[in-house]
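**Student:** Given next are the chains, with one letter for each unit.
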Amino acid sequence: MKQSLAYLTDPLVKANPITLHILGICSALAVTTSVSTALTMSCALTVVLVLSSAMISAIRHHIPTAIRLIVQITIIASLVIVMDMFLKAFAFEMSKRLSIFVGLIVTNCLILARAETFARQNPVWPSTLDALGNGIGYGIILLIVGTIRELFGAGTLLGFEILPLVENGGWFRPLRVMLLAPSAFFIVGFLVWIIRSRRPEQIEQPEFRILGHDETGEA
Amino acid sequence: MADINPIRLWRRFLALPNESLTKTLVFAFLVTFIASVFVSVSAVTLNPFYQANLDREQRARMSGMIAALAGMSDIMSGVSVDELEVRIVDLASGTFATGVDPVSYDQREAARDPNRSLTLPEEADIAGIRQRANYAPVFILRQDQALELVVLPMRGVGYQSMLYAFLALRADGNTIAGLTFYELGETPGLGARISDPDWLALWPGKMLADENGDIRISVVRGQAQSPLEIDGISGATRTGNGVSNMLHFWLGEYGFGPFLKRLQSGTLRL
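Protein chains in written order, with our numbering: chain H, 308 to 526; chain A, 640 to 909.
For the record, the hints were derived by calculation from the structure and aren't laboratory data.
We put the CB at the ideal spot given by N, CA and C, even for glycine.
Some hints here could point you the wrong way.
[Stated by the list, open to error] Which chain H residues stay away from chain A? Per the calculated CB distances, all over 12 Å, these:
#, residue
1, C350
2, T381
3, L419
4, P430
5, G446
[Unchecked claim] Covered by chain H, according to a simulated footprint, are these stretches of chain A (three or more residues, beta-carbon under 8 Å):
#, segment
6, 658 to 666
7, 682 to 690
[Said to hold, decoys possible] Pair ranges (Cβ atoms, derived):
#, chain 1, residue 1, chain 2, residue 2, range
8, H, A313, A, L669, 29 to 37 Å
9, H, R503, A, L669, 42 to 50 Å
10, A, L786, H, G477, 41 to 49 Å
With the rest of the complex left out, here is chain H (with noise of 0.2 Å):
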């Protein structure tokens, strides 16, 4: 019971796919800008990411050595077409924000991470669980970018006006960057910076050491 509660609570901080494995960021950075294409995003991933690891998990004793990886891609863009698919028929707004990038969750090294190192090698339950752990954290980061962003470059958050714009006769002034995708670089850089610091055994070695002009590296 305590296990199964970690696969589901690892990932959420402590093995947090953005923040440690810095996986996912393509999308993170892309559909931010405002909290709800943010939300449906994370919905959409986590979806896709329990459904192909519990299939994945379900078929591992099976999958043929040699196209391994195939399968496991044509499981997860299928899933992926009929999530867009879906989207595109109950959610047609939001599809239309999230444009090419529900498609691209195919590509998305989070799911097939979770497929190779996790699902192959464990029962469904437990895959399942690691598969929604992740997608939960996927989603809090994503939610906390979104946020940010949304309520300093527009004001808003779910499309509700928080800080009254100076074009709307308040005081707020909104940051146009937080906009642009290199403020989800920044925010998703200190949130590393934060967790890491708290957490000092998520620090990675530095592959090289960089020498001081007066070294000449020979020992």
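Go by the hints and put chain A onto chain H.
**Tutor:** For chain A alone, coordinates are given in the frame of chain H:
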């Protein structure tokens, strides 16, 4: 005698080592088969909802454009798209076609049917559409019986997608009253900016043809110098070229050219 009990066959199949060629082939077939059935069933089930959304959007865009047309607001109050008159034009002759129901006519479907469309010669196909339906709908808006606006549907290849547009012309058949794109898949933030209201606001008042009657309207790089030019969007040169080509095709002899000539010379019975 071979064992044909399916359950035992299935067990034997599962028991094969994962490196086995038979298992790899059968497994690949099964996975792709199940995935394709899943995707096809979903596509067939969900497509009507998607089409309904597209139709709704097309109508909303149409009314959005009509409402936004400069100087038209006084006659526009209380007019919705459904109250526009829709007529079907025979593009080759430029006359109104009889015997085609304007409500049920689907131009896109007709363009796919070789019996109801024309395969364009390569040099004429500047918009990259290959097949052009013989008939096209036009939307006519009148005030006190006098022709006020003609709205023409168009499509053409942009940088990476087909652009679908409506062009609204004043009664002279030469002055642009508005342009709108209702479906496109250009790069967000670059080519997709052709559907920004700011850019579309550059179009009303521009002219299609010069004094000799040659269609000259085009999206130029940088600043527009004359009423025949539209400011380009930086970073979206090829989308801009696509828009120019689309206009030139649809205003030319394979498009609405004959219709517009009749409209301007007054030989069209409206």
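**Student:** Check the non-interface label on L419 (chain H): least C-beta distance to chain A beyond 12 Å or not.
**Tutor:** holds (16 Å)
**Student:** Using Cβ atoms and 12 Å as the threshold, tell me whether C350 (chain H) really stays out of contact range of chain A.
**Tutor:** Holds, because the least Cβ-Cβ distance between C350 (chain H) and chain A comes to about 17 Å, which exceeds 12 Å.
**Student:** For the hint 29 to 37 Å, verify it against the beta carbon of A313 (chain H) and that of L669 (chain A).
**Tutor:** Holds, at about 34 Å.
**Student:** Would you say the C-beta atoms of L786 (chain A) and G477 (chain H) sit inside 41 to 49 Å of each other?
**Tutor:** Holds: the Cβ-Cβ distance is about 46 Å, inside 41 to 49 Å.
**Student:** Taking the closest pair, is the beta carbon of T381 (chain H) still more than 12 Å from chain A?
**Tutor:** At roughly 5 Å from the nearest Cβ of chain A, T381 (chain H) sits no farther out than 12 Å, so the non-interface label is violated.
**Student:** Could one say that the CB atoms of R503 (chain H) and L669 (chain A) fall in the range 42 to 50 Å?
**Tutor:** Taking Cβ atoms as reference, R503 (chain H) and L669 (chain A) lie about 45 Å apart, which means the hint holds.
**Student:** Taking the closest pair, is the beta carbon of P430 (chain H) still more than 12 Å from chain A?
**Tutor:** holds (17 Å)
**Student:** Just to make sure I understand the rule, a stretch counts as covered if three or more of its residues have a C-beta closer than 8 Å to a C-beta of the chain. Does the segment 682 to 690 of chain A meet that for chain H?
**Tutor:** Answer holds; 5 residues pass the 8 Å Cβ test.
**Student:** Per the stated criterion, does the least C-beta distance between G446 (chain H) and chain A lie above 12 Å, as a non-interface residue requires?
**Tutor:** holds (22 Å)
**Student:** Can the segment 658 to 666 of chain A be counted as covered by chain H under the rule of three residues or more with Cβ-Cβ separation shorter than 8 Å?
**Tutor:** holds (count 5)
Consistency with the previously given hints fails for number 2 only.
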